[in-house]
Amino acid sequence: MQNLVKAVRIQEEDFSMEAEVGALRAISGRIGGIATFLGCARDFSEGRDVFSIEFEQYAGMAEKAMQALRSEALDRFDIIEARIIHRVTTVHAGDQIVLVVVGAEHRGPAFDACEWLIDELKKRVPIWKKEMTPDGDSWVTQHP
Amino acid sequence: MQNLVKAVRIQEEDFSMEAEVGALRAISGRIGGIATFLGCARDFSEGRDVFSIEFEQYAGMAEKAMQALRSEALDRFDIIEARIIHRVTTVHAGDQIVLVVVGAEHRGPAFDACEWLIDELKKRVPIWKKEMTPDGDSWVTQHP
Amino acid sequence: MEAHMSVKVLFFGSIADRLGKRECSLDTDKAMTVSDLVAAVGCSDFEPLLLAVNREQISDMGLLVQDGDEVALMPPFSGG
Amino acid sequence: MEAHMSVKVLFFGSIADRLGKRECSLDTDKAMTVSDLVAAVGCSDFEPLLLAVNREQISDMGLLVQDGDEVALMPPFSGG
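Protein chains in written order, with numbering that gives the first Met the number 0: chain P, 0 to 143; chain V, 0 to 143; chain Y, 0 to 79; chain B, 0 to 79.
In short, the hints are calculated from the structure, not lab data. For each residue, glycine too, the CB sits at the ideal point set by N, CA and C. Misleading hints may appear alongside valid ones.
Stated by the list, open to error - Restraint-style ranges between C-beta atoms, simulated for each label pair:
#1 D94(V) to G19(Y): 42 to 48 Å
#2 G107(V) to T88(P): 23 to 29 Å
#3 S24(Y) to G107(V): 46 to 52 Å
#4 R75(P) to P47(Y): 33 to 39 Å
To be verified - Every beta carbon over 12 Å from chain V, so not counted as near; a handful from chain P, in silico:
#5 K5
#6 A6
#7 Q10
#8 R29
#9 Q66
#10 K121
#11 D134
#12 T140
Whole structure, please, built from the sequences with the hints as guidance.
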């Protein structure tokens with residue numbers, strides 16, 4: 000069982016979208032629209048040879064930065080609740096990496112906040128990915 | 000068991016977000032970003048007294064209009080797959096109503112297509128909701 | 000040349016409630032536009048009114064109705 | 000007046016790989032800016048370089064480092 004009580008988490012283990020959406024909805028009966036973003040590892044065989052991706056975090060800062068993002072989103076947008084889960088482990092094609100869930104009374108702010116959160120997460124949260132390839136390991140420097 | 004083979008469905012029974020996302024992901028290993036929108040019935044006790052909401056559809060046209068929306072989204076946006084499920088039944092507070100799932104290589108088009116699909120669904124798909132209140136039944140005429 | 004024509008008319012949502020019926024059949028020997036049909040079923044003052052012919056939404060009220068057509072008179076949608 | 004100061008320096012991602020270490024301790028008796036610290040650990044030419052002091056990202060390289068600070072030298076983030 001994962002600790003669903005925490006709305007912001009960095010963890011090695013996989014997460015369940017349904018469980019996270021359920022935990023968000025349990026916060027308030029006023030939630031009418033839920034926008035989510037799920038990032039997962041693509042099939043590396045097409046075009047680029049990558050065996051797996053390893054994530055590294057700044058353990059003391061990454062979850063704190065994600066908590067700050069959630070707070071800022073709750074201030075900025077007309078939303079009721081937001082959850083952010085990021086895995087830091089070695090992932091293979093098809094694995095889940097990151098999940099953002101936003102609940103609001105109406106869909107506009109839910110979409111806006113969800114997209115803002117994943118965009119800002121990539122800019123502000125100290126997590127790095129390294130791709131394992133036949134030619135060796137290579138750090139990813141872009142956040143497209 | 001629901002027929003997950005169909006990417007566009009109008010149905011009475013509830014749906015599983017996790018199952019729909021799984022069905023979408025099974026289409027292609029190239030999917031790296033998945034945006035979803037889940038619409039659910041709010042807790043009617045706050046401000047407005049509604050016992051339940053009944054949905055009516057134009058059975059011959061509604062699913063066809065949703066299929067046309069999916070096709071148009073696949074043409075318009077750089078996405079890989081999209082699913083749209085809408086329930087037509089009587090729902091109560093907390094019940095799921097509609098789900099849009101969009102998978103793309105990258106998140107921008109996934110978000111754009113997901114928001115476009117739910118916006119256009121409200122404009123183009125012949126489904127109506129009627130609220131059951133203590134003062135009688137009342138058709139909802141807006142699509143906010 | 001005028002031929003006999005039979006059209007199926009469907010009513011939805013608040014329109015069905017107002018008319019107290021969900022469908023009717025319209026038979027005529029004269030050419031008829033969608034606008035004529037709307038008047039014939041007593042919905043000329045229903046506003047806003049959305050229309051579909053054979054399950055495709057249309058906006059041209061001047062469109063000629065054909066024998067066997069299914070015409071739907073619909074209030075604004077409120078799905079989602 | 001100058002006092003002895005000890006600072007913990009952390010390296011991440013490609014920077015840790017390049018330096019062959021993930022952290023070091025820096026001891027000095029002189030006032031030191033973040034810029035001085037970056038030079039002292041041999042990272043002046045690392046570009047782009049993100050910095051955090053006590054787990055808050057900073058952009059002012061002229062900030063004075065304090066005794067007990069934790070300073071992180073980080074390549075651009077690539078999470079998500």
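Comparing the hints with the structure gives:
| no. | hint | verdict |
| --- | --- | --- |
| 1 | D94(V) to G19(Y): 42 to 48 Å | violated, 30 Å |
| 2 | G107(V) to T88(P): 23 to 29 Å | holds, 26 Å |
| 3 | S24(Y) to G107(V): 46 to 52 Å | holds, 50 Å |
| 4 | R75(P) to P47(Y): 33 to 39 Å | holds, 35 Å |
| 5 | K5 | holds, 20 Å |
| 6 | A6 | holds, 17 Å |
| 7 | Q10 | holds, 18 Å |
| 8 | R29 | violated, 6 Å |
| 9 | Q66 | holds, 22 Å |
| 10 | K121 | violated, 9 Å |
| 11 | D134 | holds, 22 Å |
| 12 | T140 | holds, 17 Å |
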